[in-house]
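Q: Below are the chains, spelled out letter by letter.
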Amino acid sequence: MMEQVRFLTTGDTSVSVEFGNAISEAINRDIRAYKIALEKAGIPGIVETVPTYRALMVHYNPGIIRSWALKEKLEALLGEMGDIEIPPSPVLEIPVLYGGEMGPDLAFVAEHAGLSQEEVIKIHSSTEYLIYMLGFTPGFTYLGGMSDSIATPRLQQPRVKIPAGSVGIAGSQTGIYPIDSPGGWQLIGRTPLKMYDPERETPILPEAGQYIQFFPVDQEEYDLILRAVEKGSYELKTHERKEV
Amino acid sequence: MSIRVIQPGVQTTVQDLGRFGYQQYGVPVAGAMDPHSMKLANILLDNDPGEAVLEITIMGPQLLFEEANYVALTGGDLGATLDGVPMPRYQAVLIRPGQTLRFLGLRNGCRAYLAFAGGLDIPPVMGSRSTYLKAKIGGYQGRKLEAGDVLYYRNANPALIFPERRLLGIDFVPQKQYELRVVLGPQDDYFTEAGLETFFKEVYTVSAEFDRMGCRLEGAVVEHKNGGDIISDGIAFGAIQVPSAGKPIIMAADRQTTGGYTKIATVISADFRLLGQLKGGDKVHFVPVSVEQAENSLFLEQQYYQMIIDYFNRDRTLL
Chain A
0 MMEQVRFLTT GDTSVSVEFG NAISEAINRD IRAYKIALEK AGIPGIVETV PTYRALMVHY
60 NPGIIRSWAL KEKLEALLGE MGDIEIPPSP VLEIPVLYGG EMGPDLAFVA EHAGLSQEEV
120 IKIHSSTEYL IYMLGFTPGF TYLGGMSDSI ATPRLQQPRV KIPAGSVGIA GSQTGIYPID
180 SPGGWQLIGR TPLKMYDPER ETPILPEAGQ YIQFFPVDQE EYDLILRAVE KGSYELKTHE
240 RKEV
Chain B
0 MSIRVIQPGV QTTVQDLGRF GYQQYGVPVA GAMDPHSMKL ANILLDNDPG EAVLEITIMG
60 PQLLFEEANY VALTGGDLGA TLDGVPMPRY QAVLIRPGQT LRFLGLRNGC RAYLAFAGGL
120 DIPPVMGSRS TYLKAKIGGY QGRKLEAGDV LYYRNANPAL IFPERRLLGI DFVPQKQYEL
180 RVVLGPQDDY FTEAGLETFF KEVYTVSAEF DRMGCRLEGA VVEHKNGGDI ISDGIAFGAI
240 QVPSAGKPII MAADRQTTGG YTKIATVISA DFRLLGQLKG GDKVHFVPVS VEQAENSLFL
300 EQQYYQMIID YFNRDRTLL
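Protein chains in written order, with numbering that gives the first Met the number 0: chain A, 0 to 243; chain B, 0 to 318.
Keep in mind the hints are simulated off the structure, nothing from the lab.
Warning: the hint list may mix true and false statements.
List of simulated lysine-lysine pairs, DSS-like, C-alpha gap at most 30 Å [to be verified]:
| id | chain 1 | residue 1 | chain 2 | residue 2 |
| --- | --- | --- | --- | --- |
| 1 | B | K224 | B | K133 |
| 2 | B | K133 | A | K160 |
| 3 | A | K230 | B | K133 |
| 4 | B | K135 | A | K230 |
| 5 | B | K133 | A | K70 |
Label-pair distances were calculated between CB atoms; the ranges are [to be verified]:
| id | chain 1 | residue 1 | chain 2 | residue 2 | range |
| --- | --- | --- | --- | --- | --- |
| 6 | B | A146 | A | E100 | 33 to 41 Å |
| 7 | A | I35 | B | N312 | 41 to 49 Å |
| 8 | B | Q174 | A | S146 | 56 to 64 Å |
| 9 | A | R240 | B | E66 | 51 to 59 Å |
Note that CB positions come from ideal geometry on N, CA and C, so glycine has one too.
Work out the full structure, taking the sequences as your base and the hints as a guide.
A: Set out below in structure tokens:
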């Protein structure tokens, strides 16, 4: 891992530890491992870390640790990576009510793919999608791994308001709208979960390096989960990712 | 009752030092555009330097005070008057119930900071009282102030200790051309030699597009080796993005957490006090410094804060 890692200067209160220059699962794994190792190391002065496709940005307080001292510690940590145990990534199970009012573009996606709606649902919900990073809006996940067989171009005319929880497809990407927003994704369903809730103890559920898998629910299950979510009693289900 | 908003101004928001710890979830930091002026206003009032204040932009509000408290106004000069008389800036001012603060118009800078002794009664969201307008979180109901809003003090302190010595020189001084110190990177290697030379040699003009997210500049095109797109990485406060068209954009408090454009350099923290006061038509010029020089400037600033805090509080233990 060590050879290709670069330390990039991003001002006087952060540094970017760059692991590669591509969208790749291997780079994402390295970044997640390094982030976990850094948290375990508990270096004083680190304010927060931000994983992206290519790097881990480390924000720090120069009043507590100066950049040269931090860089030394960050470099040393790279050398110790082999000794640190990285837990397997959890897969977050996201319930989705596909089609109908919740997924008005499911029929179009199916037609475009030359598949039945059931087949689209089966393909979309049988993949464990890697969360490369979050960004764009609070709680928006950049997911990788969608099957090309259901890739669909964006809407010609974006919608003015897409409800939070909508699950969509744009090109070969899939994702969830965490907040009400305008957008041009093909909407195939909706989750009753709040991916983002600023008032909740954990405001945002997913983290970079974890996986998301959608599972289809019917209207009755959707309503039940929604009620539990509103009461704050719903517990997000996860399973351990099978090593591949 | 504490403060009644009669007129809201163009964009008056509650801000503190920002919302840290959530950038990895895509939540922008927000916070004061000119954190230096914000801290001075708080220090003048014996507040924590990071206490939430009102950030007032270009055209200020009209505020009716209904409870006695000390306030302090810093940053750009927006023409503040108290009951029609010019209000002193950079000092603790006792406001009596029934007094009205009004802003007559911009004299210099872009943003003023109004702090209140004891702070405002605003619930923190994700650890911060800063308003992030785009996602409607923090501050006063997640938005800028509107006419009819009522703000409450958290712990009004009309008996502020040593009020007469709480006075500083006017700190923000308008300049014909603002020199912004930057450290190179993270993607300075995406630019040609000529591109880097242009960036440091030319004078840039702030365009009409300047807000809490960023400040678009007009001027000479900065040349890339192979275009301005990258696979997304994180964005710091003060990062200077240069998209393929070659016009720099300085990213500010409400920047998105990640982005896919090359960033040539980053404005140093000690110069955010200038960055936060820029407005359309202002001239800027970039000067490279090392990270060590940037840190030293930041430490000098910290020492200055400590010095004035000590000065305001001297003999306090004797009381």
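Q: Give a verdict on every hint.
A: Evaluation of the provided hints:
Proximity of K224(B) to K133(B) is assessed by CA-CA distance (about 34 Å); at most 30 Å being required, the pair is judged violated. For the proposed pair K133(B) and K160(A), the alpha carbon gap of about 14 Å is at most 30 Å, so the pair holds. This hinted pair checks out: K230(A) and K133(B) have alpha carbons roughly 27 Å apart, not beyond 30 Å. Distance check on the hinted pair: K135(B) and K230(A) sit about 23 Å apart at the alpha-carbon level, within 30 Å; holds.
At most 30 Å may separate the alpha-carbon atoms for a hinted pair to count; K133(B) and K70(A) exceed this at roughly 34 Å. Restraint check, A146(B) to E100(A): a C-beta distance of roughly 38 Å satisfies the suggested window 33 to 41 Å. Here the CB-CB span from I35(A) to N312(B) is close to 43 Å, well matched to the stated 41 to 49 Å. Distance hint for Q174(B) and S146(A): a CB-CB separation of about 57 Å, consistent with the stated range 56 to 64 Å.
Taken as a hint, the range 51 to 59 Å holds for the pair R240(A) and E66(B), whose Cβ atoms sit roughly 57 Å apart.
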